[in-house]
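So the sequence lines, in the order shown, correspond to chains A and B.
In terms of the working numbering, the first sequence has 217 at position 209, counting the first letter as 1, and numbering is strictly consecutive.
In terms of the working numbering, the second sequence has 105 at position 104, counting the first letter as 1, and numbering is strictly consecutive.
Don't read these hints as lab results, they were simulated from the structure.
Where hints are given, some of them may not hold.
If you anchor each label on the Cβ, the simulated ranges turn out as follows [to be verified]: (1) E19(B) / A259(A): 37 to 45 Å; (2) G81(B) / E200(A): 36 to 44 Å; (3) D255(A) / E64(B): 53 to 61 Å; (4) E79(A) / E82(B): 49 to 57 Å; (5) E79(A) / G81(B): 55 to 63 Å; (6) R71(A) / G20(B): 30 to 38 Å; (7) T22(B) / E79(A): 26 to 34 Å; (8) P101(A) / R123(B): 55 to 63 Å; (9) E200(A) / T22(B): 33 to 41 Å; (10) D27(B) / K139(A): 53 to 61 Å; (11) G28(B) / R71(A): 44 to 52 Å; (12) A23(B) / D185(A): 46 to 54 Å; (13) A248(A) / A72(B): 15 to 23 Å.
Just so you know, even glycine gets a beta-carbon here, dropped at the ideal spot from N, CA and C.
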Amino acid sequence: MPEPRRADVSAAGGSTSGKHASESGLDLKPSGRVHVPSSLEEALPTEGSVGNAFVDDPVFSCRDVSVFYGEKEAVRKVTLDIGRRQVLAAIGPSGCGKSTFLRCLNRMNDTIPGARVTGTVTLDGQDIYEKRRDVAQLRARIGMVFQKPNPFPKSIYENVAYGPRIHRLTRSRADLDELVCTSLQRAGLWNEVKDRLHTLATGMSGGQQQRLCIARTLAVQPEVILMDEPCSALDPIATAHIEDLIDDLRASLAIVIVTHSMQQAARVSQRTAYFHMGRLIEVGDTDDVFTNPQHRLTEDYITGRFG
Amino acid sequence: MDGQWHGLNGSRLQSMVEGHTARSFDGALSSLHVHVIEIGGLVLDQVREASRAYTEWDAQCAEGVIEREPAVNAYDARLGEEQLTLIARRQPVASDLKAVIAMSRAVAELERIGDHARNLARHLLSIRTAGTHPAAG
Ligand SMILES: Nc1ncnc2c1ncn2[C@@H]1O[C@H](COP(=O)(O)OP(=O)(O)OP(=O)(O)O)[C@@H](O)[C@H]1O
Ligand SMILES: [Mg+2]
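Bound conformation, chain B alone:
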């Protein structure tokens, strides 16, 4: 993902997750962060593809979105586990705790956006079967 998308430059990001005396804590936090960025990328693709399917009236593209949706859910579940483990094992406070909670919230929203992309794709398939192009009204 590019820096633009997640709105953090490299050094800020580093200082957010790094610098712990126990370096394995840095590792756990940055792995969590990488996974958040990955699910973000996946969801971004889903939204792009869903809207492309819509504008181009493309059933195959819509099917692709629906097929990839379980991957988003799987990511969400895995991230949930990872967050729980990190909280249980590290008991983060202050900025670390905020980072974990913020990532958790972001992931919940991303998962929801992923659902919308899938719904959009499904909708396209149903209206396409009905034979009316939305642009045709």
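So that you can see chain A by itself, here it is in the shape it has in the complex:
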């Protein structure tokens, strides 16, 4: 069972303070760090998470998803929906399984020897792990952006044109030109590169390279983009560009972002999922998670009380 919500203990004591708190409509009571579990194991839910793991009309539905690397269970029974046209941030300490979970969503774990996924993951209601599934086609619907920008050592144009070419998304050169242009525009990069489309992508700044990787993903018109720490190699301005882009993109697609920056999770996401030792501990509206986290482990992590 998840640890029950901690009892609210009024810190203010006095009778007038209670009146003021309710008048202002702001609950400033601390969540009351009262119950101290005797061990970490006791604090971990054995099943399920607190908050709300479900959404109406999800793009992804994960049910009891576990991932093993050989004998080691790196992700344990995660049940979680991912909503359309919104950003879900996955946070948690290093090694808690965020990247492993993310890789379940586009079957990237298939490429890791010894990795095994159990449970079900559906995309638009269809099981992505069913036998006959065309994995290449699946991955075209799900873009992925990594921590380190990884453009091909080719021109900017060729980087964006690559996906549409192999998936045969366009019929003419003019179509392809247009798709490259709109993808770069959607990635907020067009104005910076329109005069040097045929120069090497590796000559761009890190932030530009990361937006190019997003443009490259957008060119195959995915429904979802998975981002694994997309800003951790970028400066604050390049980070702000990416965050702004994420905010624009969620008008048309779903984004799952793994981040070590709690501030970034708070800034860009509508829902936040907190992972701990392979378990999904808490998931809920970002507004709630950062003001009223329900699980003690979530609160300890976001307030920097960890280890």
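Starting from the structure of chain A, add chain B with the ligands where the hints point.
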């Protein structure tokens, strides 16, 4: 100050401000908290003294209240700075953020109460000059 006054026992208080991985964050939060308790003590004294001045018709006591009032304001200003710095540098969330906001509100109220105590003292001095004891009607 005694535990009664601020309504928090020691261990709850500790758990409210302590336990951060970065221990300097604990230090910043507890220093803020100590200063809130100090301004609380100061204001409590001001209120006590102001009412004593009133009931005992004591001009000297009222003057003391008026003299100490700038100290309350100075405390308030210093706490404002301390809160801003803490928010800017630590970006507190969840219970930490609530603690900082609650302390900020408490200080604003305490400062206001301090003003009232001073007004009471001033009033006493003016009616005393006029020569009418309030109890005499
Ligand atoms: N290819 C692999 N083979 C074996 N074990 C792995 C592999 N990849 C990850 N693990 C293990 O699985 C667990 C979860 O790792 P994962 O990379 O998903 O964590 P994470 O939350 O993304 O961490 P970080 O924040 O450091 O990126 C860790 O204990 C890790 O050592
Ligand atoms: Mg990772």
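Subject >> Hints not upheld, ascending by number >> reply: The structure conflicts with hint 13 only, although it agrees with all the remaining ones.
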